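With chain A fixed as given, assemble chain B onto it according to the hints.
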Amino acid sequence: MLEAQSLSVAFGAQTILREVSFSVAEREFVCLVGPSGCGKTTLLRALAGLAPISSGRAVFKEQEVRGPQTELAVVFQDYGRALLPWRTVAGNVALALEARGIPRSEQSARIAPLLEKMHLTQHADKFPSQLSGGMQQRLQIARCLAQEPQVLLMDEPFGSLDAITRQELQDEVARLAKEERRTVVFVTHDLEEAIYLGDRVIALAANPGRIAEIVDIELARPRNQLATREDPRFLQYRHRLYKHLGH
Amino acid sequence: MGAVLPVVVLALWEMLSRAEVLSEDGFSRPSRFVVAGAKALADGTLLEQTAQTFAAATEALLIAAVAGIAIGAILGLFKPLERAAQLTIDALRPIPSVALIPLSLLLFGFSRNMSAAVAAFACFWPILLVTISAVRGVDGRLIEVGRLLGFSFARIIVKFALPAALPGILVGIRVSAGIAIVVTVTTEIVTNPRGLGFAMTMAAQSLQADLVWATLMWVGVIGWLVNWSLERLERRWLRYR
Chain A
1 MLEAQSLSVA
11 FGAQTILREV
21 SFSVAEREFV
31 CLVGPSGCGK
41 TTLLRALAGL
51 APISSGRAVF
61 KEQEVRGPQT
71 ELAVVFQDYG
81 RALLPWRTVA
91 GNVALALEAR
101 GIPRSEQSAR
111 IAPLLEKMHL
121 TQHADKFPSQ
131 LSGGMQQRLQ
141 IARCLAQEPQ
151 VLLMDEPFGS
161 LDAITRQELQ
171 DEVARLAKEE
181 RRTVVFVTHD
191 LEEAIYLGDR
201 VIALAANPGR
211 IAEIVDIELA
221 RPRNQLATRE
231 DPRFLQYRHR
241 LYKHLGH
Chain B
1001 MGAVLPVVVL
1011 ALWEMLSRAE
1021 VLSEDGFSRP
1031 SRFVVAGAKA
1041 LADGTLLEQT
1051 AQTFAAATEA
1061 LLIAAVAGIA
1071 IGAILGLFKP
1081 LERAAQLTID
1091 ALRPIPSVAL
1101 IPLSLLLFGF
1111 SRNMSAAVAA
1121 FACFWPILLV
1131 TISAVRGVDG
1141 RLIEVGRLLG
1151 FSFARIIVKF
1161 ALPAALPGIL
1171 VGIRVSAGIA
1181 IVVTVTTEIV
1191 TNPRGLGFAM
1201 TMAAQSLQAD
1211 LVWATLMWVG
1221 VIGWLVNWSL
1231 ERLERRWLRY
1241 R
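Taken in sequence, the protein lines are chains A and B.
With our numbering applied, the first sequence covers 1 to 247.
With our numbering applied, the second sequence covers 1001 to 1241.
These aren't lab readings, by the way, just hints derived from the structure by calculation.
Misleading hints may appear alongside valid ones.
[Said to hold, decoys possible] In silico DMTMM-like pairs for lysine to aspartate or glutamate, Cα to Cα no more than 20 angstroms straight-line:
#1 A/Lys-117 to A/Glu-168
#2 A/Lys-178 to A/Asp-162
#3 B/Lys-1159 to A/Glu-168
#4 A/Lys-178 to A/Glu-26
#5 A/Lys-117 to A/Glu-180
#6 B/Lys-1159 to A/Asp-125
Please read all numbers here as calculations on a predicted model, not as lab measurements.
Extracted from the complex, chain A is given alone in its bound form:
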C-alpha cells in the first residue's frame, strides 16, 4: 500500500538516506527504529510528501507521493507545535473537517465520537495549553483520525511523554489501528516500543541512513504491557535488534 522505492534524500552534499526500499501492507503496523541521526524522521517525512526526495520515490497506492495528501496523516512528536493554540480541543478537531469541506452543522456530530474515543470529551472546550502532554497528543491523534486517512505516519509520538502515559497511549494506538483498520508507520528510538507495537520492525543504520534489518514480530495480539514484554520471544527480538541502536 505504501512503499519506499530506492528512496534517497540528500541535503546539499550530505546524504541522509541512501536507497531505502520497503513496502507496508494494508492494515500493517510497521515500526522504524534506529539510532539518532539515522534519518528515520526524514524517511517518514519523505513518505508523507513533506521532505524532498533526491532519487527513488515514495509510492502510495501505485501513485507517486509528490506532496502531502489527506490519505496520509502525520502525528508529530512535538504536539505543542502541531496544535493551534487559539482553537479549543473541539476546534482543533474541527480543522480537519473544515479542510474536507464538511458543513458546520455536521461537524459536532463527527467530533463527539472522536473525542469520546480519545477520552477528551470533558475537555472539548479547553485550549491546548490547559491540557497535559498526554492529552495534547491524544488531541493530535483525534485530529488525524478526523482526517479519515488510510495511513497514520507517527513520528516518535510518545517520545516526550512520561513512562505511564506512554504505555497507556501505546495500547490505545494499537487498539485503534486494529479497530479502525488503519495502516501505521511508527517511528521510534525505543526498541521495546517498536517490538511491542509492530507487526514488523525495520531497523535503520546511520551515516548514511539505510535499512539494517527487517524483523517480523510474531507476538499474539492484543498485546499486554506485562505478559508481552515478558514473553521469551519479545526478549529474543530485543537481543536481535539491540545491536542496531549503536551499541
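The following block gives chain B in isolation, referenced to the frame of chain A:
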C-alpha cells in the same frame, strides 16, 4: 496606584498657581481648566471636536491596518518580495508624516480625509514591520499541518499564519492607534480647521489658557482610553494563552 502621581502634580500646580509662582497667562490652574473643560463638555463643543478627531484617527488606523496587514503578510511569507520591497520601505518610512500635510491638503482639501491620509501614512509603517516579522516568525510546523490537512495556500494564510501572527500584529495596531491620534491632532493644529487640534489653536489665539489646558488634558484622556480598550480587546482575543 497610577493615579497618585497626576493627582499630586495637579495639587502642587494648584498651590503654586495660587501662590502666584506660576503665571496664569500660560499655565492657567487646575481648578480653572477643569471648569473650562466641563463647560466645553456640557455645551457639546468638546464632544463634537472629539468625534471629528476620533473619526479621522479611526479611519487612518483602519486604512493602515488593512494595508499593513495585507502587505506585511505577503512580504513576510515571500522573502524575495520582502528583499525587493526593502529599499522602497527604507526610503519612504523616514518621511515625516507632517511633511505630507501640503500634499494631502491638495488632494483632499479641508476634510476628515485630509487628516486621515496623513495619519494613515504614519500608522502604516509600524503595522507593516510588525506584521512582516510576526508572519515570518510563525512556526513552519503549523504550515505543514495545514498542508497535511489539505488546506489551500490561501486558507493556510487565513486559518494558520494570520492567527498565529495575531499577538504581534495587535501590538503593532495598539502602537499605531497612539500615533493615529498624535498625527491627526497635529494636522488639525497645523492646517485642518476641525477637531481637537483646531480647538486648541483657536483657544490659544483667544488667550483662553484654561481651555487650551482642558483640551490638552482631554486628548491625553482619549489616548489613554483608546489604549486601555485595545489592551482589553487583546487580552480577550488572546485568552488562549
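Results for each hint:
The hinted pair formed by A/Lys-117 and A/Glu-168 meets the criterion: a straight-line CA distance of about 14 angstroms does not exceed 20 angstroms. Restraint check: the Cα-Cα separation between A/Lys-178 and A/Asp-162 comes to about 24 angstroms, which exceeds 20 angstroms; the hinted pair is violated. A hinted pair counts as satisfied when its Cα atoms are at most 20 angstroms apart, and B/Lys-1159 with A/Glu-168 does not qualify at roughly 32 angstroms. A hinted pair counts as satisfied when its Cα atoms are at most 20 angstroms apart, and A/Lys-178 with A/Glu-26 qualifies at roughly 11 angstroms.
For a cut-off of 20 angstroms, the pair hint linking A/Lys-117 to A/Glu-180 stands: about 11 angstroms separates their Cα positions. A threshold of 20 angstroms between alpha carbons decides the hint, and for B/Lys-1159 with A/Asp-125 the separation of about 19 angstroms falls inside it, so the pair holds.
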